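Asker: Each chain is listed here by its residues.
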Amino acid sequence: MTVTIRPPGTYRNERSFPFCPGCGHVAILDALDAALVRRGIDPARVVIVSDIGCSGLSDQYFATSAFHGLHGRSITYATGIKLADPTLEVVVVMGDGGTGIGGAHLLSAARRNVGITVLVFDNLNFGMTGGQHSTTTPPGALTSTTPSGNLEQPLDIAATAAVNGAAYVWRGTSYDADLTDRIVEAMETPGFSLLDIWEPCTAYFVRSNKVSRKGLSEIMESLGLEAGVLARRDVPEYSAEYRRVNAGSAPAPPPEGIEPEFESALDRRFVLVLAGAAGGKIRSAARFVGIGAMLSGLWVAQRDEYPITVRSGHSISTLALDSSPIEHTGTNDPDLLIALAPEGAATGRRWLSAMTEADEVLALPGVAGEIETSARVSVLDPAAVPGRLGPTEVALAAAVAGVVHAGLFPEEAVAEAVRRAGGRHAERNLAAVRAGALLGAELG
Amino acid sequence: MDGATAIVRGALDAKCTFFAGYPITPASQILMAMMRDLPRQGGVAVQGEDEIASIGMCIGAVMGGARAMTATSGPGMSLYSENLGLAVMGEIPLVVVDVQRMGPATGAATTVGQGDVQFARWGTSGGYPLIVLAPSSVPECYTLTVRAFDLAERFRCPVVLLTDKELNLTMRTVASADFVAPRVGDRPAPTGEGDRPYRYEPPGAVPPMRRFGDERVRFTGSTHDERALITKDPEVVGALNRHLAAKIDEHTDEIEMVASDLQDGADTLVISYGITAGAARSAAAEMRAAGRAVSVATVHSLWPVPERSLREAMTEVRRVVVAELNLGQYRREIEPLAGAREVVGVHRVDGELIAPEEIAEAVG
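Going down the list, the sequences are from chains A and B.
The numbers in this note's numbering rise by one with no breaks, and the one at position 45 of the first sequence is 45.
The numbers in this note's numbering rise by one with no breaks, and the one at position 4 of the second sequence is 448.
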């Protein structure tokens, strides 16, 4: 269906503005309406996004689509709207209050350059809630929360947006004759655009601080803030760029199944713990053993335990193996714990003290001395087999030794798991599996 | 497969088209997988500057026509709070995954917990219903994610998928036969009535979801009339607030999901959910093998409390054991349903999972 849209003469609806006499909002919204008329976009495709404060009432006076959200968050909603449908014309209407509470959103929007247009109704204070100071209140200004004069430096919204990469930034006042032109320019900019529009709050700021019509520009000048277009950059618009870089990528393939190729005689739950240190490839060793177990027809759960640091501290993988589905992934009492590093042995102390004579511990030579347990402890010495294992191969070799020693399933299943994973470490890992099988055989 | 992978597969199969999230352990795996896989099927995934932005983008994207999901952990849920309220008030279908870790505050990022059960329900101001689903296995992470999308669409509301570190990151063997996606409802075609986006009749009805661009549509988080214009008219506001509750409370039968495995002659019912339900089922299997009769119920829809199913499951028993990784957050919901039955809690908050033996001991 094709519908021809005739550009309307106004994007306003029949409702009259509710703002105080002399409030700058009216001039800005009239300029926005004029800009929309000039652009001539289907009103359904224009989305005015507002948040909280007097400026947040604005969207109700337009016959367009509209989103009225929470204080300071309008840029986030607008970003989502534009990313979901880049053909929409998305205009944010927010106050200096919202810019303060949503400061992180402003910075990120400028950096991200999603093609939305932000009009900041900057009246230098909180108008709706009683004239409190905002992030743009000038130093020394009197507000209901700065009765002795504002002690804070103002946030330079426009320069902040400009320095962080926004495609178009302008600063001026609601009195400026070129306001409509600037709004059109901002809307026509593909990336992120922001207009910092200073305006009088006739209820509070201009009354408390005796600001005249020219006063806004004088304050701007006294603070050394430049007016006019502060940034104009030819940067890619994010939602278009996102689609460009991802075009033609194939959907993620469904997960591949693992069919048993080997056999296991295990007929009960068996818990194997690899207790080592970060960087020791504990988790990947456990993964190879786990897939090997699956290739042998077992059900497996691999639970990894590590501190919040990445390459330091303990790294422990718990493998629960069973001939039937595993409902409970935890363990209080492993059948076999392989102690690969002091960090792992220390964190695994709770298990070591709970293990009984029916359980077993295999410990590397440097770790065996630190083990306190009722379980049987054997030393596992990787140096006892031919070929030198690298530090990242010891865990896999030790795990395979444990599998062979406990008679869980054929070591060839782990080798097959390594082969299937492929990659540049495959040969070294296969050597580790062979070494592990020898170590396991020696243990008996 | 781990729960994170299953959730992502569920979201992709439910035709999720938008994801935004912020890195947080133990939910980051969902963010990373969505960043990788969603654009490959034409969707958009973004890492927000914080959690507030992430859920905000999702809400905006839904109004732009997307089907959206976000994922975080407890500390992120704290930051989602205000926008969860916005999604309730603005009637936004949205799936919110909370991968619980031990709290409060920073707690322990890599440690399992189930401390967000009440928070997930009551986590925003105003006190309106949220639907909360809790998978207890990896395949359920898949099926309940898809179900969460369906309920979100059906009721135009945020649906929380409450999981945990253990379920999300522990890799487990799964059977492909368990991955059957429920159907997800489609949004209605535009009708030209977009100027009344919040028209509901009767109060428990759900207004059809509309998107920007097809027609002029307004969205609002303020108390509003059917045109989404702000109002304080007591009649209109009262009706709106009753509607937000009624659209869920009057349809609990469509939401209730409890897997009851009842045994003849059992005097005790074990109620559990999430990761702990696996231990409960495991305990029941061991006890039955040893000749001890026991019934077990896994709650998949935590909120609204599935009262009908739980009362039914309790009918034949005189004791109820509730097992959970908190100090009794769901037990307090079970107690009023239990009547004269004894309710026993099995609770741990030390970062360890509840073991089947602990549940068996409580059953006696």
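Just so you know, the hints here were simulated from the structure itself, not pulled from any lab data.
Here the structure is a predicted model, which means the values were calculated and not measured.
By construction, the Cβ of each residue, glycine as well, lies at the ideal position given by its N, Cα and C atoms.
Among the clues, some could well be false.
[To be verified] Which bits of chain A does chain B cover? Going by a derived footprint, with three or more residues having C-beta under 8 Å, they are:
1) 59 to 66
2) 83 to 93
3) 242 to 249
4) 301 to 310
Asker: Of the hints stated earlier, which fail here?
Answerer: none
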